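Enquirer: These are the residues of each chain, in order.
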Amino acid sequence: MSLLSIKGLSVSFASGESTIHAVNSLDLDLDSGRSLAIIGESGSGKSVLASAILGTLEENGTASGQVLFDGRNILGSDEAVLMALRGRQICLIPQNAWSAWDPVIRIGDQMTEFMRCCGVPRSEAPNLALEYLKKCGLAPEVLRSYSHRLSGGMSQRAMVAMCASVRPRLLIADEPTKGLDGRSRTLVLDLFEKVIGDAALLMITHDLRAARSCDEVSVLYGGRIVESGPANEVLDRPLHPYTAGLCAAHPRRGMVPIPGGIGRRTEIVGCVFRDRCVLADHECQGDVPMFGETRRVRCFHADR
Amino acid sequence: MRPWKEMLSMVLSRARDNPVRYAGVLVLSIFIIAAIMAPLLAPYDPDDRMGPFRSPSWEHPLGTNDLGNDILSEVLYASRISLGVGLMSAVIALSFGVGVGVLAGYYRGWLEQLLLGLTDTALLVPALPFTIVLVAYTEPNIWIISAAIASLGWCSTARVLHPRVMELKDSNFVMYARSLGKGDLYIIFKHVLPNAWEVISVKFALAVGTGMLAESSLSFLGLSDPTNQSLGGIINKAFTRGGLAMDLWWWYLVPGLLIGLMILAFMMAANVERDKGVLLD
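Order-wise, the sequence lines are chains A and B.
Mind the numbering: the first sequence is residues 1 to 304 in our numbering, read in order.
Mind the numbering: the second sequence is residues 1001 to 1281 in our numbering, read in order.
Bound conformation, chain A alone (with noise of 0.2 angstroms):
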């Protein structure tokens, strides 16, 4: 049984008059100790994803479908038992890491609060903050600053530390690589690999080459998964026409753009992607199933 299984999960959120579907019936399973990297570019749902996970919907929010974590459907369940997970068993780096820290309260006391509230003993916490900090290679004077005189990617790698700390069954980390440099972004990618042990890690990104790290790649668009498989077969020899553009848009491969944009999607009736499709034809207006095993595809024109 996998640790993480996502059955037919809908979000949608009221905007008014209109209902704007942000995740259409999305499929996905994570198993422990695997990594999967969720691309797709802004506005394809990754983050509502995250939020329909951990229960943190904005409150025009409504999620339908299963969310089994350990077999336990856990969506739309109560704020206890969601408590009970985040943190202990369910982890968020979220979006802008150095955001996440309160900038006038010092990183060891956030760290050891963090840990106190997911069960690790107070008299544990700081020992255990100096340790974690020391595998993601930053100082201990860390314990001691505040985040605003951290660098993105140091403030990015204690936020992994300190999730690291608590030892979650299931990362999710939303963009994890943004905004860094080379080099940080090597760093952190490493961490990932380093510290998380035999977690899960849900990793979202618009990121290639972080993607690449990961063992498996679902790309998402318009709030549906349009190829998954494993992430050097998907990245290399991309099957969508989705996913080869978003190939071809690296600056390695040319940068060459995807025309027009991902829209407001106020109905879901077909190929998500057939506006922007050169390949679209009358199929692309019905409902395109998912095809193949391992690597699955939801095109009637892919090259399978």
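Check the hints yourself; a few may be wrong.
To be verified - Counterexamples of contact, computed for chain B against chain A with all Cβ distances above 12 angstroms:
#1 1028
#2 1036
#3 1096
#4 1159
#5 1174
#6 1175
#7 1221
#8 1242
#9 1271
Unchecked claim - Between beta-carbon pairs, the in silico distance windows are:
#10 A:259 <-> B:1167: 46 to 56 angstroms
#11 A:141 <-> B:1167: 42 to 52 angstroms
#12 A:141 <-> B:1047: 26 to 36 angstroms
#13 B:1108 <-> A:198: 37 to 47 angstroms
As the list claims (entries may be wrong) - Each computed SDA-like pair below joins lysine to any residue, with the alpha-carbon atoms no more than 25 angstroms apart:
#14 B:1190 <-> A:295
#15 B:1169 <-> A:128
#16 B:1182 <-> A:178
#17 B:1169 <-> A:194
#18 B:1190 <-> A:152
#19 B:1190 <-> A:148
#20 B:1169 <-> A:7
#21 B:1169 <-> A:43
#22 B:1190 <-> A:99
#23 B:1169 <-> A:103
#24 B:1182 <-> A:95
#25 B:1005 <-> B:1020
#26 A:7 <-> A:99
#27 B:1190 <-> A:88
#28 B:1169 <-> A:121
#29 B:1182 <-> A:194
#30 A:194 <-> A:59
#31 B:1182 <-> A:16
#32 B:1182 <-> A:7
#33 A:178 <-> B:1020
#34 B:1182 <-> A:43
#35 B:1169 <-> A:59
#36 A:178 <-> B:1170
#37 A:178 <-> B:1175
#38 B:1169 <-> A:207
#39 B:1190 <-> A:126
#40 B:1190 <-> A:83
Hints in this document: simulated from the structure, not taken from any laboratory.
Remember, it's a predicted structure, so these values are computed and weren't measured experimentally.
Even glycine gets a Cβ: it sits at the ideal position worked out from N, Cα and C.
Add chain B to chain A, keeping to what the hints say.
Expert: Chain B in isolation, oriented as in the chain A frame:
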């Protein structure tokens, strides 16, 4: 380095970063120390009667008034009252203003509408006439005067704090704390208020200044606590008992200048725009 030397060099380097603020703090400390030590510094008991209307001399640096009280001693004791009423009205106004700002910004909804409506209404009321009416209809003692000044002083704090609290409530670290199960009180006292401290501290210094000014205006108009004479009260006496007519400028000019200087010092101490980072460590 020895600890006190380290402290001194730290204070000096901060003072260099924001000379205006630290000049204000320095002047303020002098005034506050002088007010606290009034019994030691005053050459005479302010109630002692010597000859009336004496001109400034070594014996009486600011002369004596119509009853023969030493004016310098009176001024020193009166500055305690002026500062005390300013501080007290600021404490009352700030506690109320911070409470309203935090409740409105944190809980939103109908409570926000109600509290902001109240704040906006209170902002429309002309402060000084309102305070004059309040004090005129009650017994003017320093507590009532402080409360009357604070009765409208809270609204600007609430107005300024409200958006800051809204912003903080939506910040990532507050969402993080909330998703871990921290309660509202914990979040307000641990995350929201410390982060809004730059707003609160500035508002406090400004409130003390405006409180002192309001108190001086009230006492100048004769609405003062008869047993606790403030600087404004001295000026009022100088005007009503012949100080102006006889051209005894030291009687009213010195307390007037002192009020001005103290208020200026509070305003200068509130100058923190370039000091934000330094407030933290």
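Enquirer: Confirm or reject each hint.
Expert: Hint check results:
no.	hint	in the structure
1	1028	holds (24 angstroms)
2	1036	holds (31 angstroms)
3	1096	holds (24 angstroms)
4	1159	holds (23 angstroms)
5	1174	violated (8 angstroms)
6	1175	violated (7 angstroms)
7	1221	holds (43 angstroms)
8	1242	holds (56 angstroms)
9	1271	holds (20 angstroms)
10	A:259 <-> B:1167: 46 to 56 angstroms	violated (37 angstroms)
11	A:141 <-> B:1167: 42 to 52 angstroms	violated (30 angstroms)
12	A:141 <-> B:1047: 26 to 36 angstroms	violated (60 angstroms)
13	B:1108 <-> A:198: 37 to 47 angstroms	holds (42 angstroms)
14	B:1190 <-> A:295	violated (49 angstroms)
15	B:1169 <-> A:128	violated (29 angstroms)
16	B:1182 <-> A:178	violated (28 angstroms)
17	B:1169 <-> A:194	violated (34 angstroms)
18	B:1190 <-> A:152	holds (24 angstroms)
19	B:1190 <-> A:148	holds (18 angstroms)
20	B:1169 <-> A:7	violated (33 angstroms)
21	B:1169 <-> A:43	holds (24 angstroms)
22	B:1190 <-> A:99	holds (16 angstroms)
23	B:1169 <-> A:103	holds (14 angstroms)
24	B:1182 <-> A:95	holds (21 angstroms)
25	B:1005 <-> B:1020	holds (23 angstroms)
26	A:7 <-> A:99	violated (32 angstroms)
27	B:1190 <-> A:88	holds (22 angstroms)
28	B:1169 <-> A:121	violated (28 angstroms)
29	B:1182 <-> A:194	violated (30 angstroms)
30	A:194 <-> A:59	violated (37 angstroms)
31	B:1182 <-> A:16	violated (31 angstroms)
32	B:1182 <-> A:7	violated (31 angstroms)
33	A:178 <-> B:1020	violated (40 angstroms)
34	B:1182 <-> A:43	violated (30 angstroms)
35	B:1169 <-> A:59	holds (14 angstroms)
36	A:178 <-> B:1170	holds (21 angstroms)
37	A:178 <-> B:1175	holds (20 angstroms)
38	B:1169 <-> A:207	violated (30 angstroms)
39	B:1190 <-> A:126	holds (20 angstroms)
40	B:1190 <-> A:83	holds (20 angstroms)
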